[in-house]
Each structure stands twice: as structure tokens, then as C-alpha cells.
Amino acid sequence: MNKTLDSIDKHLKRRHRADRRYRLYGQLAIVFALLFLLMFFFSIITRALPAFWYQTASLSLELSARVLGGEAGDPLPREISERQARKLLDAALALELGPSSERAILRARRALLTPLAALELKKLLLEKRYKDQEREQGVRIGDKLLLPFALSSESGNYISSLRYSQLGSKEEEASSLPEPQRRSLSILQQRGLIEKRFNFAFFVRSDSRTATSAGIWGALVGSFWALLIAFILAFPLGLFTALHLQEFAPRNRLTYVIEVAIYNLAAVPSIVFGLLGLSIFLNWWHLPRSASLVGGLVLALMTLPTIVVASRNALASVSEGIRSAGLALGASREQVVFHHVLPRAMPGILTGTIIGMAQALGETAPLLMIGMVAFVAQAPMTPLEPATALPVQIFLWADHPDPAFSSRSAAAILVMLVFLVVMNAAAVILRRSFERRG
Amino acid sequence: MENNLQQSLQKKNGKEPSKIVARGVNVYYGDKQALFNVGLEVPHRRVTALIGPSGCGKSTFLRCINRMNDVIDGCRVEGFITIDGMDIFSLDAVGLRARIGMVFQKPNPFPKSIYENVAYGVRIHSLARTKSELNAIVNNSLKRAGLAREVADRLHDPAYSLSGGQQQRLCIARAIALQPELILMDEPCSALDPIATARIENLIAELSLNYTILIVTHSMQQAARVSHRTVFFHLGRVIESGDTNKIFTKPRRKQTERYITGRIG
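Line by line, the protein sequences are chains S and P. No gaps in the numbering here: position 45 of the first sequence is 44 in numbering that gives the first Met the number 0, and each next residue is one more. No gaps in the numbering here: position 192 of the second sequence is 191 in numbering that gives the first Met the number 0, and each next residue is one more.
Everything labelled a hint here was simulated from the structure, so no lab data went into it. Please note that a few of the clues may not be correct.
Just a few of them, taken from the derived set where beta-carbon distance is under 8 Å, the chain P residues facing chain S [said to hold, decoys possible]:
1) Met67
2) Arg96
3) Ala97
4) Tyr114
5) Tyr119
6) Gly163
7) Arg173
FRET-style restraints, in silico, Cβ to Cβ [stated by the list, open to error]:
8) Arg19(S) x Arg148(P): 16 to 24 Å
9) Lys142(P) x Pro249(S): 36 to 44 Å
10) Gln26(S) x Lys130(P): 45 to 53 Å
Every residue, glycine too, gets a C-beta built ideally from N, C-alpha and C.
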């Protein structure tokens with residue numbers, strides 16, 4: 000008797016040790032996972048931060064009659080060319096940096112600002128003119144305006160690197176900026192004209208050739224259209240497929256084959272769906288290339304199996320007792336399914352759908368195949384217009400030689416993560432409301 | 000009870016036709032045969048208990064009567080069952096089930112409010128024309144199921160907030176809200192404690208004044224307490240049927256005696 004107790008005791012200690020060991024393994028795994036998550040967020044956020052800020056130089060701009068024509072006190076002309084705007088900018092820069100007519104110097108000064116500065120100034124002036132038409136007192140020729148102008152990405156990087164080097168080591172050599180531009184920038188900075196501003200434009204503008212004016216809006220709208228179409232198609236199709244297979248279809252060889260096919264489809268690489276979209280939607284149906292409609296169709300095909308499988312599992316987990324109760328009361332099978340089973344399964348179905356949609360949001364490969372990888376500088380108003388999607392935009396920017404684009408790429412990843420969190424939160428809220436009703 | 004039994008015997012002699020007549024019922028689940036040539040009669044407004052060891056086919060037979068076996072894949076029913084002389088297999092299964100109440104082993108209220116549970120059947124069969132009519136049916140059913148007083152002030156609470164015994168009585172209220180001609184009970188007390196069981200048994204006795212009740216039970220004491228007639232099943236066959244008193248005091252078959260004395264099962 001004592002012998003068995005002893006042996007149990009001996010084993011007990013060993014078993015407790017094993018217990019503790021396995022718990023430790025689990026905790027280590029979680030610590031590792033958290034560590035990687037932290038590293039991921041740290042790297043993304045530090046890379047993304049510059050994209051949310053941009054450097055500006057405040058210049059006092061004289062709307063001189065010499066450039067725009069007319070006389071002092073006149074309203075602004077109806078048409079202002081980009082050339083005129085550039086001349087105004089040149090004059091404003093000359094005011095700070097000293098007059099010069101040398102071509103090379105002029106070009107170097109223009110490179111301080113973004114290449115689009117003249118175009119944007121032109122737009123701004125025309126807008127001001129339009130707005131002031133109704134009012135008596137508006138912007139007149141001869142007026143002086145103090146306006147902030149975005150620095151080009153190279154100058155912006157140089158300024159940021161100056162800030163860093165003031166903190167620690169003096170590594171100005173790292174910048175590839177030519178000497179005269181560096182000097183001009185330090186003059187501007189000494190006069191306190193350089194200012195850091197929050198980059199609202201990043202959220203309301205679409206892709207651009209220059210990093211400073213490139214934004215996420217177009218990709219966001221493209222993703223929204225594609226996801227909307229994918230949801231409208233995949234949710235009802237997936238739901239009814241699952242309902243039929245789980246609740247109504249007889250269990251026979253045919254339904255078995257369909258079932259296995261759906262499970263396998265869920266594991267098909269997404270690029271295959273892209274190929275299918277290319278050959279069917281574009282080459283056969285002649286739908287517009289790189290439109291979010293086609294992207295949505297492809298993503299719908301891709302998420303369909305996920306939704307079907309999740310919905311079937313949700314339906315199968317509804318207790319048999321509820322079905323029997325309904326049937327025994329003389330409800331038809333359809334009534335049992337739609338009155339009792341479906342409301343009960345809805346939270347699970349929604350969860351599956353959201354998981355599928357989240358997958359679709361992050362999917363790049365199939366969109367590349369159907370041409371959603373083009374440079375699109377305007378947010379698509381309809382799903383038929385050319386569009387990009389968030390992951391494709393990230394891919395495009397990450398590939399760009401200008402480092403300012405890669406920080407935009409990181410910022411776009413953050414935006415996508417926020418989009419995902421919002422989607423998941425919506426799913427949780429929906430699920431809660433269904434559970435409460437049930 | 001004694002009195003009731005005598006009445007039942009008189010009626011039997013008076014040739015009142017049975018509520019349910021089953022002849023030659025065979026049931027197969029795929030290749031496996033679950034019932035063999037079952038024949039029995041269930042009298043009007045009496046409680047008939049089906050007893051027998053697990054897996055003997057009592058529940059299968061019960062589910063034949065309201066054709067709940069139809070929805071099971073691979074289940075096949077042969078034979079002849081009538082209710083009030085009407086062949087149930089010639090009727091619409093959904094309509095048939097509306098006329099027969101059923102109470103299951105595990106309380107299975109819908110995940111809705113107490114009120115909605117009782118009102119559901121009434122609604123889908125449009126048995127109430129107005130809201131107040133519906134209210135009257137719900138209240139009356141709850142009253143007859145002995146639940147009205149306990150839930151009076153929380154009709155709109157979820158049914159899952161009730162205790163197991165209350166849930167089972169709610170299921171009975173739900174069944175009788177449709178004014179069925181027949182109530183099938185599949186081990187209604189097996190998931191309940193003795194006090195809840197006693198309440199359900201009292202309820203069965205009350206209901207038997209108005210309804211024909213067919214009850215499957217594992218507990219021979221329960222069969223003896225609540226039923227007027229008892230049918231003993233074994234291995235998919237009806238071994239013996241008769242008045243409960245006789246079955247429990249003077250069984251004619253050896254197998255029945257062995258079962259009720261606890262030697263098989």
C-alpha cells in the first residue's frame with residue numbers, strides 16, 4: 000500500500016513539473032508573439048510618421064501686375080497659367096534668398112518646393128478669385144499674401160535630418176542634396192519660415208507622381224467599392240449555398256462532391272482567382288480593365304468558400320432540439336430554418352463573413368492580375384472607373400525609389416489596419432445585437 | 000385513478016374506437032431495422048406509457064405518430080397508423096404535426112421570450128385573429144400548464160431564464176396552445192429533479208381529462224403512477240400491452256416480468 004503511495008508521490012512531482020514546463024512554453028510563445036507584434040508596430044509607425052507630416056516654407060507672395068497683367072487694385076484675371084504662377088513663386092523665393100536671374104540658380108530654387116507647387120498655386124488663386132466674386136473686398140492684383148508652400152521631398156528629408164543631427168551626431172553628408180539648396184534651406188530656416196504641418200492631404204488626395212502630394216483617398220475608395228461588390232455578391236450567395244447544403248439538400252454523392260469542392264476551393268491560392276477573373280471577366284465578358292467592379296467580382300469568388308464553410312458550421316451548431324421543437328409544432332422546414340435556425344446562426348455567419356471580407360481587403364495578387372495595379376490619380380466615382388486598392392497602393396509605393404513614398408507605404412498600412420479594426424468592430428457590434436435579440 | 004381505469008374498461012367494452020391504431024409498423028434506419036411489426040392501440044383521453052430498455056424502439060415509435068422520422072435521412076417507415084381512423088401517411092406531415100403536440104426529453108424552448116414561445120405555433124397557423132385573442136390563448140395555455148402564476152410578471156423575459164422544470168412546462172404550454180388532439184411525450188422528466196418531475200406528473204394527470212397522452216418513460220414507477228395503459232417494448236417489438244395495473248401486477252410474459260423486476264434493461 001505504502002509502496003503505491005510512494006510511487007504516486009514520485010510521479011506526482013514529475014507531473015507537476017511537466018505541468019509547469021508546459022505552462023512556461025505557452026507563456027514564452029505569447030511573449031514572443033507580443034514581441035514580434037511590438038516590433039512590427041514600431042517599425043511601421045516610425046516609418047509611417049514622416050508621411051503624416053510635411054515641411055512647408057511660408058513665403059510672402061506678391062500678386063504683381065507685371066506677371067498677371069492689369070493694374071493694381073484690379074480683380075484677379077479669369078485665367079492664370081502655370082507659367083505665371085511659377086514666376087510669382089520665383090519672385091517670392093527671390094525676396095527671401097536674394098535676386099538672381101541665373102538659370103541654374105532659378106532651377107535649384109524651384110527644386111526646393113514640390114514640382115507641383117506652381118500648379119497648386121494656380122489652382123489656389125483661381126479658387127480665391129471664384130470665391131471672392133460675390134464679395135466686394137477680395138484678393139486684388141498688387142496684394143501680398145503669406146502662403147505656406149510644401150517643400151519637395153528631398154528638402155523635407157534634409158530638414159528632418161537636420162533636426163535629428165542637432166540632437167546627436169552631425170551627419171549632414173548623408174543627404175544627397177546639392178550644396179546651394181542646402182544653403183537656401185538653412186537661410187529659410189534661420190528666418191523661421193520652415194514649418195511642420197499635419198498632412199491632411201494624405202487622406203483626401205489620390206496617388207501622385209510626387210510623394211508630397213500623393214494620398215490614400217483613391218485607393219481607399221477603390222477598396223471600398225471592391226469590398227462592397229464582393230459583399231453584395233458573396234454574402235447572399237454564400238449564405239444560401241450554406242443554407243441549402245446544410246438544411247435542405249439530401250446527403251448523397253452529389254452534395255458530398257460539392258462539399259469537398261467547396262472546402263478545397265477555400266485553399267486555392269488567390270492568384271488563381273485573379274487568373275480566372277482575367278480570362279472570364281476581362282477577356283470573355285469584356286468588363287472594363289482595372290475597374291473595382293472586376294476586383295469585387297474576383298474577391299467575391301475568393302471569399303465565397305470562406306463564407307460557405309463558416310455559415311455551414313454556424314448552422315450545424317444550432318441545437319437539434321430547436322429544429323425538432325419547430326417541426327413538432329407544425330412549422331414547415333422553411334419556417335423552422337428562417338424563424339429559428341438562421342437567427343441563431345447569424346452571429347457565426349457574420350463572423351465568417353467578416354473574416355472573409357478582411358481577407359479580401361488585404362488581398363493583392365488577384366488584383367494585380369486584373370490590372371488594378373495602374374497609376375490612378377483620381378478617386379473612382381463609380382465601380383466602373385479605373386481604381387487601385389489599398390494593398391496594391393502599398394505595393395506600388397513600397398517599390399518606389401523615392402524614400403518619401405516608402406514612408407507613405409507604411410502610412411497606408413496603418414490606414415489599412417485602421418480600416419480592418421473598424422470592420423471588425425462593426426462585426427462585433429452586429430453580432431452583439433443579434434445575440435441580444437436571440 | 001381506480002375510477003378512471005374502470006371507466007376506461009367500460010368504454011373499451013362499449014367499443015369506443017381507439018384514438019391511435021398501429022398495425023405492422025416496421026422502421027429502418029438505413030439497413031438497420033429498429034421496429035418489427037409493431038401493432039398497438041391507444042385509447043381516447045387516457046395516458047398510455049411506453050416502457051422498455053434503452054434502444055428498444057419506444058421513441059422511434061413515438062416519432063412515427065407525428066411523422067418526425069420523415070426528416071431523418073435514411074429513415075424508412077412501413078406499415079399502417081391511423082388517428083381517429085385516418086391514415087396518417089395520407090395526410091400532409093406538416094398539418095399532421097400541427098394537430099399533435101410533442102414534448103421532448105430535454106426542454107427545448109425557442110431562444111425567445113416566454114410569451115413568444117407559446118404564441119409561435121398560434122401565429123404560424125393563424126389561430127388567433129386579434130392581439131387579445133392571442134393573449135387569451137397564451138395565458139390560458141400557461142395556466143393549464145401550471146406556469147401562469149410563476150411567470151405572470153415576466154412574460155417577456157427570455158425562456159432560458161426559467162429553470163429546467165419550468166422550461167419543460169413551458170414546452171407543454173406551447174404544445175397545448177394549438178389545442179392538439181394528442182400529446183406525445185418523449186421521456187419528459189428524465190432531465191428534471193424529483194420535485195419538477197412530480198409537478199409534471201400532476202400536470203399529466205390533469206391533462207389526461209382532456210387529451211390523449213402517449214408517454215415514453217424509463218422509470219417504471221412513473222409509468223405506474225401516471226398511466227392507465229402500458230406497452231412494453233423490447234428489441235423493437237411490442238412484447239405486451241394492457242392496463243397498467245395488470246402489467247405491473249400480473250404480467251403475462253416472462254420478459255415483461257424480468258424487466259419490471261429489474262432483471263433486464
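Structure-based check of each hint:
1. Below 8 Å, beta-carbon pairs count as interface contacts, and methionine 67(P) has one with chain S at about 6 Å; its hint therefore holds.
2. Hint status for arginine 96(P) relative to chain S: holds, with the closest Cβ pair at about 4 Å, below 8 Å.
3. At about 3 Å, the closest approach between the beta carbon of alanine 97(P) and any beta carbon in chain S falls short of 8 Å, and the interface hint on this residue holds.
4. Checking tyrosine 114(P) against chain S by beta carbon gives a least distance of about 15 Å; that is not within 8 Å, so the hint is violated.
5. The interface hint given for tyrosine 119(P) holds, since its Cβ lies 7 Å from the closest Cβ of chain S, which is under the 8 Å cut-off.
6. Restraint check, glycine 163(P) versus chain S: the minimum CB separation of about 13 Å is more than 8 Å; hint violated.
7. Restraint check, arginine 173(P) versus chain S: the minimum CB separation of about 7 Å is within 8 Å; hint holds.
8. Between arginine 19(S) and arginine 148(P) the beta carbons are some 55 Å apart, a value that contradicts the proposed interval 16 to 24 Å.
9. Restraint check, lysine 142(P) to proline 249(S): a C-beta distance of roughly 43 Å satisfies the suggested window 36 to 44 Å.
10. In this structure the hint that glutamine 26(S) and lysine 130(P) lie 45 to 53 Å apart at CB is violated, the actual value being about 59 Å.
Consistency note: the structure conflicts with the earlier hints numbered 4, 6, 8 and 10.
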